[in-house]
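Quick mapping for you: the protein sequence lines, in order, are chains A and B.
Using my numbering, the letters of the first sequence map in sequence onto residues 1 to 670.
Using my numbering, the letters of the second sequence map in sequence onto residues 671 to 1340.
Please note: incorrect hints may appear among the correct ones.
[Unchecked claim] Each computed DSSO-like pair below joins lysine-lysine, with the alpha-carbon atoms no more than 27 Å apart:
| no. | chain 1 | residue 1 | chain 2 | residue 2 |
| --- | --- | --- | --- | --- |
| 1 | A | K265 | B | K828 |
| 2 | B | K828 | B | K852 |
| 3 | A | K331 | B | K848 |
| 4 | A | K158 | A | K184 |
| 5 | B | K1006 | A | K178 |
| 6 | B | K1008 | B | K942 |
| 7 | B | K828 | A | K264 |
[Said to hold, decoys possible] What follows is a list of derived Cβ distance ranges for each label pair:
| no. | chain 1 | residue 1 | chain 2 | residue 2 | range |
| --- | --- | --- | --- | --- | --- |
| 8 | B | S958 | A | S628 | 49 to 55 Å |
| 9 | B | P836 | A | Q371 | 44 to 50 Å |
| 10 | A | K272 | B | E742 | 24 to 30 Å |
| 11 | A | G268 | B | N1188 | 43 to 49 Å |
| 12 | B | M928 | A | K184 | 22 to 28 Å |
Simulated from the structure, these hints should not be mistaken for laboratory data.
Ideal Cβ placement from N, Cα and C applies to all residues, glycine included.
There are 2 protein chains.
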Amino acid sequence: MEQNPLVIFMPSGRRARVATGTPLLDAAREMGVEIESICGGKLTCGKCRVLVEHGRFEKHGILSDGGHLSAESSEERQLLDRKKSEANARLSCVACVTDDVLIEVPPESRAQKQIIRKHATDRVIELDPAVRQVYVELESAELGEHRGDWGRLQAALKEQWNLDVPHIDINTLRDLQKNIRKGKWAVTVSLWHDREVIEVRPAYDEGIYGLAVDIGSTTVAGYLCNLQTGEVVATESVMNPQITYGEDLMSRVSYAMMHDDGTKKMHGAIIKSLNRLIADAARQAEISVSQIVDAVFVGNTTMIHLLLGIDPSELGGAPFALANRDSMDIKARDLKLKLNPAAYVHIMPAEAGHVGADNVAALLAEEPYQQDETILMVDVGTNAEITLGNQAWMLSASSPTGPAFEGAQIAYGMRAAPGAIERVRIDPTTFEGKFRVIGEEKWSQEWNFATDAPLDEQTQHRAAGICGSGIIEAVAELFRVGIITGDGRFRDDLPTDRVTFDGPRGSYVLATAEQTTNGEPILVTQDDVRNIQLGKAALYAGCKLLMNRAGITSVDRVVLAGAFGSYIDPQYAMLLGLFPDCELSCVNAVGNAAGDGARIALLNHHKRDEAQRVAHWITYVETAVDPSFQDEFVGAIHIPHKTDEFPHLKGLLPDVESAELPTRRRRRRR
Amino acid sequence: MEQNPLVIFMPSGRRARVATGTPLLDAAREMGVEIESICGGKLTCGKCRVLVEHGRFEKHGILSDGGHLSAESSEERQLLDRKKSEANARLSCVACVTDDVLIEVPPESRAQKQIIRKHATDRVIELDPAVRQVYVELESAELGEHRGDWGRLQAALKEQWNLDVPHIDINTLRDLQKNIRKGKWAVTVSLWHDREVIEVRPAYDEGIYGLAVDIGSTTVAGYLCNLQTGEVVATESVMNPQITYGEDLMSRVSYAMMHDDGTKKMHGAIIKSLNRLIADAARQAEISVSQIVDAVFVGNTTMIHLLLGIDPSELGGAPFALANRDSMDIKARDLKLKLNPAAYVHIMPAEAGHVGADNVAALLAEEPYQQDETILMVDVGTNAEITLGNQAWMLSASSPTGPAFEGAQIAYGMRAAPGAIERVRIDPTTFEGKFRVIGEEKWSQEWNFATDAPLDEQTQHRAAGICGSGIIEAVAELFRVGIITGDGRFRDDLPTDRVTFDGPRGSYVLATAEQTTNGEPILVTQDDVRNIQLGKAALYAGCKLLMNRAGITSVDRVVLAGAFGSYIDPQYAMLLGLFPDCELSCVNAVGNAAGDGARIALLNHHKRDEAQRVAHWITYVETAVDPSFQDEFVGAIHIPHKTDEFPHLKGLLPDVESAELPTRRRRRRR
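Between the sequences and the hints, there should be enough to build the whole structure, so can you do that?
In structure tokens, the structure reads:
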């Protein structure tokens, strides 16, 4: 019988036989080879480019051509050409295996493990968790006395703690008699909300733990806490494995809509990763997973749908109906999460279809609803979540910023992984640029690739692309030094080779060929500038919309939540006009506020009620149906759209703002 | 590499390789060959006798001896000799495979499918089940309105039914959005106790079902009911598969105590059987299992422990502590029961360590606690459960009757399967006996084995042993015609060949060699009579104990519950003195009252509360610690222990009661 085709991926060398017709990207996933894919197979990102090697296979004793793939469509070739790809390049999402094939995955196409920079901040949280331990001594069973052991335990809880506990988990009941006798009629009981016994340990045995988890689209961060001290005993992060089904939220929603088993696959993937995270955290803290008796989960609405195994398709289009907006308590085992077998997980509530539990958790962490000051909090992702208010009123909105801020839809964009350009400076006189990449302390002009240099002076990483914070700085610097004008066009009258033109569309050479992993220069293109403009206009318009709704023209404080907020330079963000003007000292990055909020809800169950109240109390403003949104959006496309709105950046603003634009039309490419 | 030994069982011809050292009984279980085992490997019942065939195997090209088993111990041989076994007989529970072996399972050792005679009685039950369906129409999701679909459903339930339903099962939530949209914003909802949504169907879609199950030690009976009409739409019974781990309760408790995975195995076995029963019942009723949205389980305390996966070891000794005495609601999926995935199962409460949910259910069915009459209800099994009382007071007790009434510990005993002698008559003049076997209408003297007779006149079954009701009648008849005296001894002065002696121990030839499957006569032995005497004395003593406690000397009505009660002839039971004298017309067999009670609790959830109240209200009397029990027991060993206590049987009582017993001592065998 004919065998299935053999597929080999280099440089990992992984090999397996797959069914004829399998897309290369699927084959790679099955074999654990991580290939970037942002658009999830919709032929728009071109990130999954691979190279096909020919003439390497011996088959039936004959050396045969190894490049057996389905024919290239004109769409595929156009996208590859646009990316200036090699002749043997293919897009792994559409190229299907027809026979034996050998594939090279170039560095820029590899999905690398993210650098995780989320750490639990040390906050004071009043400790009153949903699960607590009590020690009780039971009457021993006697002939002629007919209560069961559970009845005896209930009586002891009533007598010694004045607690009426109606329920015991079936798993806990199974070991009850053994544990009671092992403890010689004394046990330590874990109670969930004082109404269910979820654990019984023999004799006196304290020590219970809880897990707070923020499921981001990219990163899943878990904080394992001692429920008796509140201390974070382990912090663990993993990449969200759903990335292989689509980089951004909408790609994953599309994946669910287009594949019958899409939800099941993405649900299974996150549960598997969570179980690994749980096991790793427990190992790090030197406890057993069965000691983890509670958990709180936050995430955006799509992530929570997928965590619960709910098809997120309804979130893919208006009216963006959630399956459930409110908080829920679910047995961990019903999600196949491997905590204590009787543990519950608490899912925090959402506000609306696109403002999820992560935003509610961030509110819980920052408590703008308790403050006199009016606070603008923004969490930037593919959708930005914006909340505005104080103790008297709170508004929230989400704004479709697009994936540019995360390095997607950027010509040389990539995620915040080693080799990604994250900092950029451009000399205002020479227009020469320098940059710093993730994983490398030194700026690019100090790089040293000499192999005879001392090992600690040798540069480890060349540039592989530009990440979110890098593109913000690059565009802001281009504007600051006058290479681009306020409407985002490249000036063609500057004395520098760094700026090149293809028709009317300029670009800036940020990294030269010798500074990059693949020997091709890394450019900031006209489209990149446009995408950043669109994103920042959406974000700014969302902020302004809420300010208009509230009838205010300025805010007291800007809080940047989330990973993105931690890595962008607030000065550049304001220079670009991502959010309204504010005293720079009143702009704070608070890191993973969502994770902090989850931890707060884990350690104090009253905060869960507070979160539910806040989620209902806050007024969600639907940007899409607000007539003033388009106005604000169009008005915010310029950089900065009105100079006098940014008095705090006066010194930084360029003097080239009103410079003449080149009017000569150039022939467009293709 | 040497292969594992091959084991073949005849006549089924099943064959498999098993590890060296595997007991034949285990090998048989693994291969699905059912061999009787009452004692569960404790070398007492001898029921698992098999025959070893020699010289049948070709191995390594040489014809080799097929009888490769571990050496026979003297205990094994003694037991086999006591059973007058063939030279090549072995006990499969202790004989271990050492090499290839061919085994013949004789008919009397085969565990056959029970004949199940339990049928749901037609009773009027007020219908008010725990699960009900309501139809609601939801507001459709609109942009700018942020409740989730679950919030919309809650609002509709409140508005249209004035119901505050706080919970929805996670499985139900998963399909909520799809079902709501499929029904165009109208759905039919199944509510559990009006507080949890367990099912949502698109549009108007009625039809929900529930299952009432009585888990007996031998038989599991399930009644599938339409929860809207109360009608029984399917009745299914299966044998309790735990029988292979021990026939009676105590053997199973011992199995759990002696094997680390004993509980897990027996739990897994019953769950597997229940799932088959559920699937069969659904198929019979032409519904899907997902339409079964509720279930009620009853059973004795050991059966309920094993159903829940709780080690029953504590029930194996004083103080007989239950894990839980009270009723419980558990998600079916937590027991791996395949009903609707969100369904709960209700476990009815027990009264005490040895009076379980089956007894509580029987009370619910018969309602003695509502009556003016004082009712004695007995359910005979290895332990008899006895309840006595009326609306003012109720007492209960369990009495260790032993397994004789179920055909165990009887020399030629067997379960109520085809070929079992169930009816016996003895001529008082000639002392000749006749009998009827299960599966055969005709009495033994009319049997016709002539192969030239018309097919419908040919007798299908020869006698294979004596079942519980058979041994009761046999002993009662032996007493009635004067073959045994009131103290249970065989008379040796009667002019009949039917009575034979081995030393002082007489026996009666009930079936002659030509009437039996194996060509050996079936005897009622002195030990059999003794075991019946012990059992009936325990039962009678238990009844008397409760009557003494209540200060009464007679009862208004005797109710015989359970399968045993349905098949014994009340006249013979009273003749033997199983229970106190009562007008024969006031003795009722009510069949599977426990199953009826489970069905009542399934169809009316208030009855679940009533059951819980009754279980707490009834006074359980611990026979083991009551000083008068031994007195009553010893006084009840005679048949009948006091003639004047059975006025209603006057005409039936023998005139040979005070006849002289033979005083000549005979030499005891071996």
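Review point. Where does the structure disagree with the numbered hints, that is, which hint numbers, in rising order?
Key: 1, 7, 9, 10 and 11
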